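2 protein chains.
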Amino acid sequence: MSKLVIVGTVAFDAIETPFGKTDKILGGAGTFIGLAASNFNVDSAVVSIVGGDFPQDYLDLMSDRNIDVSGIEIVKEGKTFFWSGKYHNDMNSRDTLVTELNVLADFEPKVPENYKDAEVVMLGNLHPSVQMSVLNQMPTKPKMVILDTMNFWMDCALEELHNTIKHVDVITINDEEARQLTGEYSLVVAARKINEMGPKYVVIKKGEHGALLFHDDNVFYAPALPLEEVFDPTGAGDTFAGGFAGYLAKTADYSFENMKTAVIYGSTLASFCVEKFGTERMQNLTASEIHKRLDQFKSLTQFEIELN
Amino acid sequence: MSKLVIVGTVAFDAIETPFGKTDKILGGAGTFIGLAASNFNVDSAVVSIVGGDFPQDYLDLMSDRNIDVSGIEIVKEGKTFFWSGKYHNDMNSRDTLVTELNVLADFEPKVPENYKDAEVVMLGNLHPSVQMSVLNQMPTKPKMVILDTMNFWMDCALEELHNTIKHVDVITINDEEARQLTGEYSLVVAARKINEMGPKYVVIKKGEHGALLFHDDNVFYAPALPLEEVFDPTGAGDTFAGGFAGYLAKTADYSFENMKTAVIYGSTLASFCVEKFGTERMQNLTASEIHKRLDQFKSLTQFEIELN
Numbered sequence: 001m002s003k004l005v006i007v008g009t010v011a012f013d014a015i016e017t018p019f020g021k022t023d024k025i026l027g028g029a030g031t032f033i034g035l036a037a038s039n040f041n042v043d044s045a046v047v048s049i050v051g052g053d054f055p056q057d058y059l060d061l062m063s064d065r066n067i068d069v070s071g072i073e074i075v076k077e078g079k080t081f082f083w084s085g086k087y088h089n090d091m092n093s094r095d096t097l098v099t100e101l102n103v104l105a106d107f108e109p110k111v112p113e114n115y116k117d118a119e120v121v122m123l124g125n126l127h128p129s130v131q132m133s134v135l136n137q138m139p140t141k142p143k144m145v146i147l148d149t150m151n152f153w154m155d156c157a158l159e160e161l162h163n164t165i166k167h168v169d170v171i172t173i174n175d176e177e178a179r180q181l182t183g184e185y186s187l188v189v190a191a192r193k194i195n196e197m198g199p200k201y202v203v204i205k206k207g208e209h210g211a212l213l214f215h216d217d218n219v220f221y222a223p224a225l226p227l228e229e230v231f232d233p234t235g236a237g238d239t240f241a242g243g244f245a246g247y248l249a250k251t252a253d254y255s256f257e258n259m260k261t262a263v264i265y266g267s268t269l270a271s272f273c274v275e276k277f278g279t280e281r282m283q284n285l286t287a288s289e290i291h292k293r294l295d296q297f298k299s300l301t302q303f304e305i306e307l308n
Numbered sequence: 001m002s003k004l005v006i007v008g009t010v011a012f013d014a015i016e017t018p019f020g021k022t023d024k025i026l027g028g029a030g031t032f033i034g035l036a037a038s039n040f041n042v043d044s045a046v047v048s049i050v051g052g053d054f055p056q057d058y059l060d061l062m063s064d065r066n067i068d069v070s071g072i073e074i075v076k077e078g079k080t081f082f083w084s085g086k087y088h089n090d091m092n093s094r095d096t097l098v099t100e101l102n103v104l105a106d107f108e109p110k111v112p113e114n115y116k117d118a119e120v121v122m123l124g125n126l127h128p129s130v131q132m133s134v135l136n137q138m139p140t141k142p143k144m145v146i147l148d149t150m151n152f153w154m155d156c157a158l159e160e161l162h163n164t165i166k167h168v169d170v171i172t173i174n175d176e177e178a179r180q181l182t183g184e185y186s187l188v189v190a191a192r193k194i195n196e197m198g199p200k201y202v203v204i205k206k207g208e209h210g211a212l213l214f215h216d217d218n219v220f221y222a223p224a225l226p227l228e229e230v231f232d233p234t235g236a237g238d239t240f241a242g243g244f245a246g247y248l249a250k251t252a253d254y255s256f257e258n259m260k261t262a263v264i265y266g267s268t269l270a271s272f273c274v275e276k277f278g279t280e281r282m283q284n285l286t287a288s289e290i291h292k293r294l295d296q297f298k299s300l301t302q303f304e305i306e307l308n
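So the sequences go chain by chain: G and H.
Sequential numbering of the first sequence, starting at 1, is according to the working numbering.
Sequential numbering of the second sequence, starting at 1, is according to the working numbering.
Calculated directly from the structure, the hints in this document are not laboratory data.
In this text, all values refer to a predicted model and were calculated from it rather than measured experimentally.
It cannot be assumed that every hint is accurate.
No copy labels: a pair is met if it fits in one copy or bridges any two.
[Unchecked claim] Here are the simulated lysine-lysine pairs, DSSO-like style, with alpha carbons at most 30 Å apart:
# : residue 1 : residue 2
1 : Lys166    : Lys76
2 : Lys250    : Lys116
3 : Lys193    : Lys110
4 : Lys298    : Lys86
5 : Lys86     : Lys166
6 : Lys79     : Lys298
7 : Lys116    : Lys141
8 : Lys206    : Lys24
Model the full assembly from the supplied sequences, consistent with the hints where possible.
The following block contains the structure:
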């Protein structure tokens, strides 16, 4: 069984959308990635940090889905990272109301000994130096390193980000961030410039408009499933990345062709994530639900054309 | 050979983009639709109106691509409709600089006698009452009526628009217009509401994000080809509609499955249209260029997935 190391926040979120609001609930990039990847038959571990206020129930919830939580450091006297945000009516933009770093401020990820030979590493959105420190703990280069990042690090840690992405195989980034990172409006040109920065594969996430996968001169486009209702977009990008990484780890096939399927799995899982608040929809997702939705993706995009 | 009636403006455009600007060149929805549809083996006629200032060369250009121009009324003492616009740097928005209706102000379309039994009618963006007057000239209901419209008519002729779309089979509309027409943000819900207004098939155009085709509970998603450079978006939506209508007329198969392919043809032709100013790229497009790009669309969207 392939091993997958996931690094990312495990956090409390408080979310307000036009449909309602939550108290502090389970959130964090590492959590969403882990839950998404748990749908594949992979030996995965989340590396993160939480405070003494983090409920054992939440750790159990991850363990119950076969996620190794031994790499989640618990700082008894500290408080867990907390984020609060409010989505606008169109659900495409949000305001951050509160960001309390708490124990995350001094996070030094420690990869569990038995995961240092993992084939796949998924570096969730964190300071690029923290992401790099994870790679530095792996004695041999993993088969596939995937990195997610955001505009915040381009604004305040651009040099470190450039240093880290030199060492990754795949970057997942949203369209505006790809434009910011490269200064190019065309996503085709932006992807090529990011290629030159290191990642051989570039995944550009476009939210409700789907995702693009670039590799050399190849492009693949996975739509997002058109939904009647997006209830809460929090974690959709991380869920996409977790599905992508989980599928690659499970199949151990890192070809462009297989990566296309990984992107479809990522989009499929993200389409569930947004149906309920936080991680709720992801906690009990079943294989048959996923297969049914993959079928929807097939009919959404597949067509017959005769070229003569 | 199927007959296709196209109603729409034949006009002069003056366009400014970040890449340059043009003097008055050939433009208009009817022109773009006609040129797109001319790539299919269909007997098509453009019904429109121009002034005495309209060059015979432009009419010849259409005739040379087997477009019947006998339904284009020439008002000798009048001036041709003129539109001028300037695109912003992101190419996704534009300002209209000049709109001179000229002969279009009194346009009363007259369908040529030998096209009154056409199987397919493509109603390009015009006042909904003008669109309706075309349908009223057809003694029996055509097999397929496709209507394109825009927000302008929702603002100033909403009742007439509602009256006309009751009689059409397919509506093509962009995402913001679908939201305006229905008051619904979700395109899935918007499409269902438009269904209830008349059109059994709803095509929502999302520009660089592709197009969605809705019918009952079926959805199909055609991406736009990711391009290095969009030189001039003018006419892309009309070209899409012309490719869609032309393919349906040629195949005379109005099933959802075949309409998926029609959407792919529309997207393919639109991807050429934006490569040069105005109609330039569409004037000499060849079948082999189109086939090559259809192949690109296949590899862009097709994937293999094993569900067990």
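Verification of the supplied hints:
1. Lys166 - Lys76: neither (36 Å within a copy, 66 Å between copies)
2. Lys250 - Lys116: within (17 Å within a copy, 60 Å between copies)
3. Lys193 - Lys110: So Lys193 and Lys110 fail the 30 Å test inside a copy (32 Å) and across (53 Å) alike.
4. Lys298 - Lys86: neither (33 Å within a copy, 39 Å between copies)
5. Lys86 - Lys166: neither (34 Å within a copy, 40 Å between copies)
6. Lys79 - Lys298: Neither, since 44 Å and 51 Å both go past 30 Å.
7. Lys116 - Lys141: So Lys116 and Lys141 pass the 30 Å test inside one copy only (10 Å; across, 70 Å).
8. Lys206 - Lys24: Result: close within a single copy only, 28 Å intra versus 36 Å inter.
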